[in-house]
Amino acid sequence: MKTKNKKNFYELLFLIFPSFGWLLFFFLIPLIIALIYSFNYKGTHGGVIPGFTLEHYKNVFSGQYIKIFLNSLTLASITTALTILIGYPVAYFMAASNSKLKSILMFFVILPFWTNFLIRVYSFIMILGREGLINKTLMWSGMISEPLSLLNSTFAVYLGFIYYNLPYMIIPIFSALDKMDVSLIEASMDLGAGKKRTFFKITFPQSIPGVVAGIVFVFIPTLGNFVIPDLLGGKDNYIIGNLITLQFQQGRNWPLGSALSSVLIFLAMIFISLYIRYYNPSKSKKMIEV
Amino acid sequence: MLELINISKIYGNTAAVNDVSLNIESGEFFCLLGPSGCGKTTILRMIAGFENISSGKILLDGEDIAQLPPYKRNVNTVFQNYALFPNYNVFDNVAYGLKIKKLSKQEISKNVDEGLAMVGLTGYEKRMPSQLSGGQQQRVALARAIVNKPKILLLDEPLSALDKKIAEQTRIELITLQRKLGITFIFVTHNQQEALTLSDRIAVMKNGFLLQCDNPQTIYESPNNYFTADFIGTMNFFDGEILDINGQNITIKLLDRFIISYKPKKKTNFNIKDKIIFGLRPEQMKIGLLEPKDYENGIEGIIESQIFIGEITKYIIKLENNQKITANILNYLVLDSKVMPYDMNERIFISWSKNSGVILENKK
Chain A
1 MKTKNKKNFY ELLFLIFPSF GWLLFFFLIP LIIALIYSFN YKGTHGGVIP
51 GFTLEHYKNV FSGQYIKIFL NSLTLASITT ALTILIGYPV AYFMAASNSK
101 LKSILMFFVI LPFWTNFLIR VYSFIMILGR EGLINKTLMW SGMISEPLSL
151 LNSTFAVYLG FIYYNLPYMI IPIFSALDKM DVSLIEASMD LGAGKKRTFF
201 KITFPQSIPG VVAGIVFVFI PTLGNFVIPD LLGGKDNYII GNLITLQFQQ
251 GRNWPLGSAL SSVLIFLAMI FISLYIRYYN PSKSKKMIEV
Chain B
1 MLELINISKI YGNTAAVNDV SLNIESGEFF CLLGPSGCGK TTILRMIAGF
51 ENISSGKILL DGEDIAQLPP YKRNVNTVFQ NYALFPNYNV FDNVAYGLKI
101 KKLSKQEISK NVDEGLAMVG LTGYEKRMPS QLSGGQQQRV ALARAIVNKP
151 KILLLDEPLS ALDKKIAEQT RIELITLQRK LGITFIFVTH NQQEALTLSD
201 RIAVMKNGFL LQCDNPQTIY ESPNNYFTAD FIGTMNFFDG EILDINGQNI
251 TIKLLDRFII SYKPKKKTNF NIKDKIIFGL RPEQMKIGLL EPKDYENGIE
301 GIIESQIFIG EITKYIIKLE NNQKITANIL NYLVLDSKVM PYDMNERIFI
351 SWSKNSGVIL ENKK
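Protein sequences appear in the order of chains A and B. For what it's worth, the working numbering labels the leading residue of the first sequence as 1, then goes sequentially. For what it's worth, the working numbering labels the leading residue of the second sequence as 1, then goes sequentially.
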């Protein structure tokens with residue numbers, strides 16, 4: 001950002017200080033601590049012993065952990081793809097609605113945020129369990145005689161992740177579509193394009209920034225999440241998040257946990273820098289430069 | 001060529017367009033003129049297919065197109081905000097409709113070249129819409145529509161977002177382009193100047209109703225209703241009453257005081273004792289110190305102020321009933337000493353020819 005004069009610069013400094021300070025103390029410093037820990041030796045009862053070793057990183061890239069990394073990437077990718085497939089039509093419908101329906105729908109999309117995340121995940125246990133809503137309904141209707149084991153399955157993990165992430169996908173796509181000039185669609189139809197062509201040639205390209213933002217909001221947090229696989233997936237569906245939690249709790253291997261975290265953060269940084277590179281959010285910086 | 005037959009558009013219990021019938025000829029430059037909310041844009045959107053019609057018929061070359069989706073109508077639109085596709089460059093914007101028609105690559109590029117040449121944008125093919133000025137974007141929008149060779153080109157206030165100078169220049173270019181292409185243009189505007197300069201015919205609209213549809217000269221000289229008279233140009237209005245009709249000679253009492261005799265060029269449908277409004281353009285009046293001659297009409301007034309506007313001086317004249325009227329006097333007449341300049345508060349007579357003016361129904 002170019003600053004026209006000194007006074008302007010100090011003004012900006014003053015304005016960004018609170019958020020910058022917050023990020024520095026509660027975000028950047030802990031990250032640095034984690035990075036340092038990842039090179040230390042493991043303490044016997046948790047904690048670290050100062051020193052320098054690459055053993056934990058070797059460990060991270062050994063067979064068993066790399067497999068979990070790949071699993072996590074697959075899971076996050078599929079979750080992201082499915083949330084796009086489910087969320088896009090919802091966002092499209094919302095954007096096409098009149099303003100009254102729009103705010104009602106937005107209310108429903110935001111509604112889950114009013115309940116604690118853990119409670120929402122637990123509610124899935126109630127729904128999917130042996131005595132849960134789905135099994136009871138199916139048994140009652142006579143479609144099955146034995147309850148299905150829906151819980152502790154990959155299916156349950158996906159269900160949980162998709163449920164949890166949908167609003168994060170819907171909202172950015174909606175906001176991109178909502179900003180779009182309706183006359184572009186009309187212009188396309190006016191020039192002879194049918195609805196399908198208009199969607200793929202005009203509407204969808206206009207919504208790509210929203211989709212990309214949605215991908216960032218869904219993919220990266222899913223990689224690090226540990227609560228959903230823990231509660232809905234059981235041991236067979238562990239992802240990196242679970243692995244890291246395990247190292248800090250039962251495993252008592254803080255340096256390994258830190259190394260895993262650092263690799264995860266590094267991955268996230270790659271994705272985010274790609275996002276910034278290609279969909280630079282500061283394209284609107286003109287506002288500041290004026 | 002294009003016939004609108006009793007078309008209406010009803011939203012809830014208000015009619016945006018109320019039983020409008022129009023017949024637009026092939027090759028015509030047709031203008032829909034009116035203030036915002038008069039229904040002119042709705043009519044355009046109904047022709048394009050973006051709005052359903054509540055009732056009526058839209059015939060294009062005899063075929064009812066009212067139920068066809070926009071992409072099946074052989075008409076194209078130039079949008080008010082241009083609606084260029086931001087993700088395509090100028091070439092691809094202009095080629096958009098041609099690609100859908102499955103023309104070969106060479107044909108597409110030939111047509112795009114021609115289209116861009118027509119609007120004077122050769123060499124801009126690779127630019128993105130965001131890199132163009134408003135006027136250039138407008139030209140691209142025009143090229144994008146005309147390369148499809150539509151039967152009708154619909155233009156929704158295409159000049160309203162441009163600077164005044166550029167808009168005036170584009171007016172002339174639009175007329176030239178339309179003559180060259182021979183495509184029927186239907187042009188929506190709220191700017192009466194634009195409508196007068198561009199059109200073969202103007203349809204004046206208000207509150208969803210079509211008030212008058214005529215060529216610009218008739219609209220200006222013989223408006224058939226108060227709204228049109230007031231909306232187009234400047235007009236002075238006097239309340240009056242018809243005292244006598246004797247063939248082509250109508251005797252009118254103006255402002256309860258002045259008796260004038262009016263000889264309209266066209267036949268009128270008024271009766272004795274009708275309360276009317278008499279309308280007079282500022283340029284139809286003369287100012288003088290002498291009482292009007294018997295071949296003229298005239299009333300008395302006081303000069304309240306004068307405004308010099310280049311080729312004319314605008315005099316604001318106060319009448320005895322405190323009504324103010326405007327008279328425009330050509331300045332070259334003053335310079336040639338054919339007319340004396342006047343002082344403030346000078347008592348004068350305004351006079352006009354017995355053929356001048358219009359009588360309108362007293363319905364404001």
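Some hints here could point you the wrong way.
[Claimed, not checked] Incomplete in silico selection of chain A near chain B, CB under 10 Å:
| no. | residue |
| --- | --- |
| 1 | Glu11 |
| 2 | Ile185 |
| 3 | Met189 |
| 4 | Ala193 |
[Claimed, not checked] In the DSBU-like style, the derived pairs of lysine-lysine whose C-alpha atoms are separated by at most 35 Å in a straight line are:
| no. | chain 1 | residue 1 | chain 2 | residue 2 |
| --- | --- | --- | --- | --- |
| 5 | B | Lys126 | B | Lys110 |
| 6 | B | Lys206 | B | Lys126 |
| 7 | B | Lys286 | A | Lys196 |
| 8 | A | Lys201 | B | Lys102 |
| 9 | A | Lys196 | B | Lys165 |
| 10 | B | Lys149 | B | Lys164 |
| 11 | B | Lys267 | B | Lys164 |
| 12 | B | Lys253 | A | Lys195 |
| 13 | A | Lys201 | B | Lys72 |
| 14 | B | Lys72 | A | Lys195 |
| 15 | B | Lys267 | A | Lys196 |
| 16 | A | Lys201 | A | Lys67 |
| 17 | B | Lys105 | A | Lys196 |
| 18 | B | Lys180 | A | Lys201 |
| 19 | B | Lys110 | A | Lys201 |
| 20 | A | Lys179 | B | Lys72 |
| 21 | B | Lys164 | A | Lys179 |
| 22 | B | Lys126 | A | Lys100 |
| 23 | B | Lys165 | B | Lys354 |
| 24 | B | Lys102 | B | Lys164 |
| 25 | A | Lys102 | B | Lys110 |
| 26 | A | Lys196 | B | Lys126 |
| 27 | B | Lys99 | A | Lys195 |
| 28 | B | Lys99 | A | Lys179 |
| 29 | B | Lys165 | B | Lys314 |
| 30 | B | Lys273 | A | Lys179 |
| 31 | A | Lys195 | B | Lys57 |
| 32 | A | Lys201 | B | Lys149 |
| 33 | B | Lys314 | A | Lys201 |
| 34 | B | Lys151 | A | Lys100 |
| 35 | B | Lys102 | A | Lys196 |
| 36 | A | Lys42 | A | Lys102 |
| 37 | B | Lys99 | B | Lys206 |
| 38 | A | Lys196 | B | Lys149 |
| 39 | A | Lys235 | A | Lys42 |
| 40 | B | Lys57 | A | Lys102 |
Just so you know, these hints were derived from the structure itself, not from any lab. Even for Gly, the Cβ is constructed at its ideal location relative to N, Cα and C.
Results of checking the hints against the structure:
Violation of the interface hint for Glu11 (chain A) is found here, the shortest Cβ-Cβ separation to chain B being roughly 30 Å, above the 10 Å cut-off. With a cut of 10 Å, the hint placing Ile185 (chain A) at the interface with chain B holds, because the nearest CB-to-CB distance is about 9 Å. Residue-level restraint check for Met189 (chain A) holds (minimum Cβ-Cβ distance to chain B is 4 Å; threshold 10 Å). Checking Ala193 (chain A) against chain B by beta carbon gives a least distance of about 6 Å; that is within 10 Å, so the hint holds.
Proposed proximity of Lys126 (chain B) and Lys110 (chain B) is supported: the alpha carbons are some 15 Å apart, at most 35 Å. Using a Cα cut-off of 35 Å, the hinted pair Lys206 (chain B) and Lys126 (chain B) is violated, with the two alpha carbons roughly 43 Å apart. Restraint check: the Cα-Cα separation between Lys286 (chain B) and Lys196 (chain A) comes to about 65 Å, which exceeds 35 Å; the hinted pair is violated. With a C-alpha separation of about 15 Å, the suggested pair Lys201 (chain A) and Lys102 (chain B) falls inside the 35 Å cut-off, and the hint holds.
Between Lys196 (chain A) and Lys165 (chain B), the direct Cα distance comes to roughly 41 Å. Violation of the 35 Å bound is thereby established for this hinted pair. The suggested pairing of Lys149 (chain B) with Lys164 (chain B) holds, with an alpha-carbon distance near 29 Å, which does not exceed 35 Å. For the given pair, Lys267 (chain B) sits about 39 Å from Lys164 (chain B) by alpha-carbon distance, which is inconsistent with the 35 Å threshold. For the hint pairing Lys253 (chain B) with Lys195 (chain A), the CA-to-CA distance comes to about 64 Å; that exceeds 35 Å, so the pair is violated.
For the given pair, Lys201 (chain A) sits about 18 Å from Lys72 (chain B) by alpha-carbon distance, which is consistent with the 35 Å threshold. Of the pairs offered as hints, the one joining Lys72 (chain B) and Lys195 (chain A) holds, with about 12 Å between alpha carbons and a cut-off of 35 Å not exceeded. A distance of roughly 58 Å separates the Cα atoms of Lys267 (chain B) and Lys196 (chain A); the hinted pair therefore is violated under the 35 Å criterion. Of the pairs offered as hints, the one joining Lys201 (chain A) and Lys67 (chain A) is violated, with about 39 Å between alpha carbons and a cut-off of 35 Å exceeded.
Distance restraint check for Lys105 (chain B) and Lys196 (chain A): the Cα-Cα separation of roughly 22 Å lies within the 35 Å cut-off, and the hinted pair is therefore satisfied. Proposed proximity of Lys180 (chain B) and Lys201 (chain A) is supported: the alpha carbons are some 32 Å apart, at most 35 Å. Proximity of Lys110 (chain B) to Lys201 (chain A) is assessed by CA-CA distance (about 22 Å); at most 35 Å being required, the pair is judged to hold. Our distance criterion of 35 Å between C-alpha atoms is met by Lys179 (chain A) and Lys72 (chain B), whose separation comes to about 27 Å.
Taking the CA atoms of Lys164 (chain B) and Lys179 (chain A), the gap is about 29 Å. The hint holds against a cut of 35 Å. Among the hinted pairs, Lys126 (chain B) with Lys100 (chain A) is inconsistent with the structure: their alpha-carbon atoms are about 41 Å apart, more than 35 Å. The straight-line distance between the Cα atoms of Lys165 (chain B) and Lys354 (chain B) is roughly 38 Å, outside the 35 Å bound, and the hint therefore fails. Under the criterion of a C-alpha separation no larger than 35 Å, the hint pairing Lys102 (chain B) with Lys164 (chain B) is inconsistent with the structure, at around 39 Å.
For the suggested pair Lys102 (chain A) and Lys110 (chain B), the alpha carbons sit about 45 Å apart, so the restraint of at most 35 Å is broken. For the hint pairing Lys196 (chain A) with Lys126 (chain B), the CA-to-CA distance comes to about 26 Å; that is within 35 Å, so the pair holds. Restraint check: the Cα-Cα separation between Lys99 (chain B) and Lys195 (chain A) comes to about 15 Å, which is no more than 35 Å; the hinted pair holds. The hinted pair formed by Lys99 (chain B) and Lys179 (chain A) meets the criterion: a straight-line CA distance of about 27 Å does not exceed 35 Å.
At most 35 Å may separate the alpha-carbon atoms for a hinted pair to count; Lys165 (chain B) and Lys314 (chain B) meet this at roughly 24 Å. As the CA atoms of Lys273 (chain B) and Lys179 (chain A) are separated by approximately 60 Å, the hinted pair breaks the 35 Å bound. Between the alpha carbons of Lys195 (chain A) and Lys57 (chain B) the distance comes to roughly 25 Å, so the proposed pair stays at or under 35 Å and holds. The hinted pair formed by Lys201 (chain A) and Lys149 (chain B) meets the criterion: a straight-line CA distance of about 22 Å does not exceed 35 Å.
Restraint check for Lys314 (chain B) and Lys201 (chain A): not satisfied, since their Cα atoms lie roughly 56 Å apart, outside the 35 Å limit. For the hint linking Lys151 (chain B) to Lys100 (chain A), the alpha-carbon distance of about 39 Å lies beyond 35 Å, and the restraint is violated. Under the criterion of a C-alpha separation no larger than 35 Å, the hint pairing Lys102 (chain B) with Lys196 (chain A) is consistent with the structure, at around 16 Å. Under the criterion of a C-alpha separation no larger than 35 Å, the hint pairing Lys42 (chain A) with Lys102 (chain A) is inconsistent with the structure, at around 54 Å.
Taken as a hint, the Lys99 (chain B) and Lys206 (chain B) pair is broken in the structure, with Cα atoms around 40 Å apart against an allowance of 35 Å. Proposed proximity of Lys196 (chain A) and Lys149 (chain B) is supported: the alpha carbons are some 24 Å apart, at most 35 Å. Between Lys235 (chain A) and Lys42 (chain A), the direct Cα distance comes to roughly 25 Å. Compliance with the 35 Å bound is thereby established for this hinted pair. For the hint linking Lys57 (chain B) to Lys102 (chain A), the alpha-carbon distance of about 34 Å falls within 35 Å, and the restraint holds.
Checked against the numbered hints given earlier, the structure breaks hints 1, 6, 7, 9, 11, 12, 15, 16, 22, 23, 24, 25, 30, 33, 34, 36, 37 and satisfies all the rest.
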